[in-house]
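A.B. asks: Sequence:
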Amino acid sequence: MYALKKVGIEELNVNELDSFIGPPIQQSFVERYNMNEGEVERAVFYFREYLKQRGLLENNVYEGIPNLLKQLKDTGNHLFIATSKPTVFAKQVLDHFQLTNYFEGIIGSNLDGTRITKEEIIAHILQTNEGLNKEEIVMIGDRKHDIIGANHNEIASIGVLYGYGSKTELTEVGATHIVNDVKELHHFCIDNSLIKK
Numbered sequence: 355m356y357a358l359k360k361v362g363i364e365e366l367n368v369n370e371l372d373s374f375i376g377p378p379i380q381q382s383f384v385e386r387y388n389m390n391e392g393e394v395e396r397a398v399f400y401f402r403e404y405l406k407q408r409g410l411l412e413n414n415v416y417e418g419i420p421n422l423l424k425q426l427k428d429t430g431n432h433l434f435i436a437t438s439k440p441t442v443f444a445k446q447v448l449d450h451f452q453l454t455n456y457f458e459g460i461i462g463s464n465l466d467g468t469r470i471t472k473e474e475i476i477a478h479i480l481q482t483n484e485g486l487n488k489e490e491i492v493m494i495g496d497r498k499h500d501i502i503g504a505n506h507n508e509i510a511s512i513g514v515l516y517g518y519g520s521k522t523e524l525t526e527v528g529a530t531h532i533v534n535d536v537k538e539l540h541h542f543c544i545d546n547s548l549i550k551k
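So for the sequence shown, our numbering puts the first residue at 355; every next one is plus one.
None of these hints come from the bench; they were simulated from the model.
Given the structure is predicted, the values throughout are model-derived calculations rather than measurements.
Some clues are possibly wrong.
If you anchor each label on the Cβ, the simulated ranges turn out as follows [to be verified]:
(1) 396 <-> 537: 34 to 44 Å
(2) 468 <-> 388: 17 to 27 Å
(3) 484 <-> 406: 31 to 41 Å
(4) 429 <-> 387: 37 to 47 Å
Within a straight-line C-alpha distance of at most 16 Å, the following computed EDC-like cross-link-like pairs (lysine to aspartate or glutamate) qualify [said to hold, decoys possible]:
(5) 439 <-> 403
(6) 439 <-> 474
(7) 488 <-> 508
(8) 359 <-> 403
(9) 521 <-> 496
(10) 360 <-> 403
(11) 360 <-> 395
(12) 521 <-> 535
(13) 439 <-> 412
(14) 424 <-> 458
(15) 360 <-> 393
(16) 439 <-> 449
(17) 488 <-> 473
(18) 439 <-> 496
(19) 427 <-> 458
(20) 359 <-> 395
(21) 445 <-> 458
The C-beta atom is built at its ideal place from N, Cα and C for all residues, glycine as well.
Let's have the full structure, built from the sequences with the hints guiding it.
C.D. replies: The following block contains the structure:
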């Protein structure tokens, strides 16, 4: 809302902003408000300004996720974050919630507007981490962009329904698996042969 107000847009339906969660923010501004390149640059500037001031910490960790991350790491899995958020902001959020140590890498977009799609971000992780076997990798996400990125890079995916995407959204783009909640994700990850034990 902050960025939209700064560029002179009044969004009356706040629920519509849920569509901004997941895809690159630049893409969301273009698709929702038909912004040109200059308008997108201004909106992204204000969006990041808000993030720096207080938006980064307006998050919550889903119950059960820290325990799942700990179990996955303790059993020898290599965990990475693949996010459309700029890497620097993603690291700050993970540091705040004391989750950073579970991950070998936190990879997001660059502040200069490059490497913004999940396809590019996942590809970067695969290219810069020797020894990763695509057949042993799974992307876990709640939006279609996560699943599209996984499919593009020929890795399995788990769509989670406790986030912002719907079952229809995740099914239509070809999620390998879909889970309803963190408990089901925990069961799937710990018992599934795709994940190291």
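A.B. asks: Tell me, in ascending order, the numbers of any earlier hints that this structure violates.
C.D. replies: none
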